[in-house]
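The chain contents come next:
Number of protein chains: 2
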Amino acid sequence: MTTEAAGAGALLTILRDGRARTRAELMQLTGLARSTVSQRLDALSDQRWIIPSNDAISSGGRPAVAFAFNAGARIVLAADLGATHARLAVTDLATQVLAEHSADVPITDGPEKVLGWLVDAFHRLLDESGHTLDQVCGAGIGLPGPVEHQTGLPVNPPIMPGWDGFDVPGWLGRRLGVPILVDNDVNIMALGEHWAASPEIEHLLFVKVATGIGSGIITEHRLHRGAQGAAGDIGHIRVTTSDIVCRCGNTGCLEAVASGAALAALLRAAGEDAANSRDVVALVRAGNARAVQLVRQAGRDIGEVLAALVNFFNPGGIIIGGDMADAGEYLLAGVREVVYSRSLPLATQHLSIRVRQLDDRAGVIGASVLVIEHILSPGVIDEAVAAHA
Amino acid sequence: MTTEAAGAGALLTILRDGRARTRAELMQLTGLARSTVSQRLDALSDQRWIIPSNDAISSGGRPAVAFAFNAGARIVLAADLGATHARLAVTDLATQVLAEHSADVPITDGPEKVLGWLVDAFHRLLDESGHTLDQVCGAGIGLPGPVEHQTGLPVNPPIMPGWDGFDVPGWLGRRLGVPILVDNDVNIMALGEHWAASPEIEHLLFVKVATGIGSGIITEHRLHRGAQGAAGDIGHIRVTTSDIVCRCGNTGCLEAVASGAALAALLRAAGEDAANSRDVVALVRAGNARAVQLVRQAGRDIGEVLAALVNFFNPGGIIIGGDMADAGEYLLAGVREVVYSRSLPLATQHLSIRVRQLDDRAGVIGASVLVIEHILSPGVIDEAVAAHA
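Protein chains in written order, with my numbering: chain A, 741 to 1129; chain B, 741 to 1129.
I should point out that these hints are in silico values taken from the structure, not numbers from a laboratory.
Be careful, since some hints might not be right.
Claimed, not checked - The following label-pair restraints were derived from C-beta to C-beta distances:
no.: 1; chain 1: A; residue 1: 909; chain 2: B; residue 2: 1033; range: 49 to 55 Å
no.: 2; chain 1: B; residue 1: 1114; chain 2: A; residue 2: 1118; range: 22 to 28 Å
no.: 3; chain 1: A; residue 1: 1080; chain 2: B; residue 2: 823; range: 28 to 34 Å
no.: 4; chain 1: B; residue 1: 1080; chain 2: A; residue 2: 824; range: 31 to 37 Å
no.: 5; chain 1: A; residue 1: 1120; chain 2: B; residue 2: 856; range: 48 to 54 Å
no.: 6; chain 1: B; residue 1: 1126; chain 2: A; residue 2: 940; range: 31 to 37 Å
no.: 7; chain 1: A; residue 1: 843; chain 2: B; residue 2: 1090; range: 37 to 43 Å
no.: 8; chain 1: A; residue 1: 1094; chain 2: B; residue 2: 823; range: 38 to 44 Å
no.: 9; chain 1: B; residue 1: 786; chain 2: A; residue 2: 909; range: 34 to 40 Å
As the list claims (entries may be wrong) - If you want the ones that stay clear, here's a sample from chain B, every Cβ over 10 Å from chain A, calculated:
no.: 10; residue: 757
no.: 11; residue: 779
no.: 12; residue: 804
no.: 13; residue: 841
no.: 14; residue: 855
no.: 15; residue: 871
no.: 16; residue: 892
no.: 17; residue: 909
no.: 18; residue: 915
no.: 19; residue: 966
no.: 20; residue: 981
no.: 21; residue: 1016
no.: 22; residue: 1033
no.: 23; residue: 1069
Claimed, not checked - These stretches of chain B come out as covered by chain A in the derived footprint (C-beta under 8 Å, 3 or more residues):
no.: 24; region: 973-979
no.: 25; region: 1061-1068
no.: 26; region: 1086-1092
By construction, the Cβ of each residue, glycine as well, lies at the ideal position given by its N, Cα and C atoms.
Here chain A stands alone, though its shape is the one from the complex (with noise of 0.2 Å):
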């Protein structure tokens, strides 16, 4: 790698906010040399990764030409991988989406069947969009299951029989030929609702409030993983001392008492006809007081578990998503009660504590992110402009 290419990478990192810039500005906001900065934008701009802004800046004299990022260099393969249902997307580099597809998938199917209709379905959007294999820069991927993060392999994944330590990225990568990012599906919602609708908050608590509880954690704007990629799992976390036994062997967890599906087993136990959190949440809407009080009730207990967090952590936001956020005000209502009352007031003062605002689209959103953070982080990026140069 030449002095020249290694440096492509930190003018694309200026450039990426979107605001043009002109080559004096570059060379006064990097501190190089008028030489080494068009030789970057050179190599940049043959590759299309910028082009010449049409807000051409004048300074008096000749409007001197501006360069800005170009989101349409290349286009990225996104899903989302849930239980039973999968989502995916094409986008461009600023996450835009140019096309989606979703379909009932159940993850149970294995791997080899999933991933096998996902390239296909890969292929079929492609063509759809009017987008060729070779201008997609990689793929994210979410899966409702633990991900080790160096590697992309799901790891003990509860409900996903026949995925423990299945070289996802390896087979996806044989058969499309780019990068291959997997993740957890809580870590790429927490991602895509940074990035689309909470960009400015440096600390955010994302939690997923659905079949089970998980959560996703950023900070100083980046996923924390943990050491072994669980970070996040609040699910198992002791909200009751009562006995109430929780798939994970353990009792009182937080999943035993406030998910989707333990609501649901409640409300049939009461004689109510719900299935799953889906049916929670209609029961809910259509004004069921029981349901109402067991969400409310659920919102407190979710809220216990926040509270402690907010003091361990302290977020400037946490996004409640999930199937159970369409039940907006009444789970919140609990939360904020809870936390509010238990946490302290110097970590609360300015915390904002809102429901999501992609709705499903947080995941496709969430794991274009994922690739886009990769393709473009200097090191990389600077690997991708000397090869071509």
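With chain A fixed as given, assemble chain B onto it according to the hints.
Relative to chain A, chain B alone:
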């Protein structure tokens, strides 16, 4: 700032691991041209940040000159101010203690009296160790209360009357003429233990159990301070539904049931002679059965909170510090019992839980690390080198 100066910090970052490297090695590691590397090495040598190494490296022909980081280039002033006791040190740039001093100084004497004493004590310590103020590159100060990270100001510190919002960095900076870095005492202890005893642990949780209970969080080898700098305040997480009132105004807080102050009060109520956490430890060491039982239960209560935080944060290690750490295995046994039974297996399989290794010195070592990390960060060192070049 020139381009050459802008790169000097990057060379120093490479050399900071203590290993000497030749010009050729540095060219290979950075991809920079020989002339550029030479200019930067000259600037760093002139200002004594690096020195020629005695380990001349031979590759067949005549031995090549190697350069190593000079930990003696500057010195650091470090202070760990506790509730009643202060500990000071002069260290080199590798945190080696060159001189130290400790004294009983009540923080309740207020900022001007305490900081005035500190300035005098620093001067005496410099004299003793044969150094002068112009060799000092910065001072790091730990305070026993919350500190706003950006400004270094204490924020509503409960046990520090008169200190709220006092401009510690400004006041000390005017008298010492060097950059002043201020942080919470538990944060600097966490930094000190991480730096000196567990540098290999990327995500580390340091828990201080003394009169109160607090924690310092290391993520990706750096302190996580949170949105308001309040992160780590775990003493007020609820661990019991009983109505024990905490000094924060809530009930059932960890600090109200498991701190040294809480245990001392329980022992006094049982007729024992225990004024503070040190007395509790002394009773445990003397084999007092009631004290042993209470400390073990305190370990379980702390373990209950840590079990939740292990699921959430997935640290690679937990270090128990503070006076109560001297109760050793009795406290650890309770912590481990609950963490291993309540946390998820994936998060505990490689988790180490141990007591502190640095004893009372962790604070001053961490205060020194705070200064060194700041002074040697690429941006700051670049400016310093450029200013003298």
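Per-stretch coverage check for the region 1061-1068 of chain B, three Cβ contacts closer than 8 Å to chain A: Coverage by chain A is violated here, the residue count being 0 at a Cβ distance below 8 Å.
Cβ distance range 31 to 37 Å for residue 1126/B and residue 940/A, holds or violated: With a Cβ separation near 33 Å, residue 1126/B and residue 940/A satisfy 31 to 37 Å, so the hint holds.
Distance restraint evaluation - residue 1080/A, residue 823/B, Cβ atoms, bounds 28 to 34 Å: The hinted range 28 to 34 Å holds for residue 1080/A and residue 823/B, with Cβ atoms some 29 Å apart.
Minimum Cβ distance from residue 909/B to chain A greater than 10 Å, as the annotation requires: holds, 20 Å
Claimed clearance of chain A by residue 804/B, with the beta carbon kept past 10 Å: holds, 22 Å
Exclusion check [residue 871/B not at the chain A interface, CB over 10 Å]: holds, 34 Å
Distance restraint evaluation - residue 843/A, residue 1090/B, Cβ atoms, bounds 37 to 43 Å: The hinted range 37 to 43 Å holds for residue 843/A and residue 1090/B, with Cβ atoms some 38 Å apart.
Within 8 Å of chain A (C-beta), three or more residues of the region 973-979 of chain B: holds (count 5)
Nearest-CB test (10 Å) between chain A and residue 841/B: The assertion about residue 841/B holds, with a minimum of 33 Å to chain A.
Status of the stated non-contact between residue 966/B and chain A (beta carbon gap over 10 Å): Incorrect as stated: the minimum Cβ-Cβ distance to chain A is 3 Å, not above 10 Å.
Beta-carbon spacing of residue 1114/B to residue 1118/A - inside the hinted bounds 22 to 28 Å or not: holds, 23 Å
Status of residue 1016/B, Cβ more than 10 Å from any chain A Cβ: Correct as stated: the minimum Cβ-Cβ distance to chain A is 24 Å, above 10 Å.
In the structure shown, a violation is registered for the earlier hints numbered 9, 19, 20 and 25, in ascending order.
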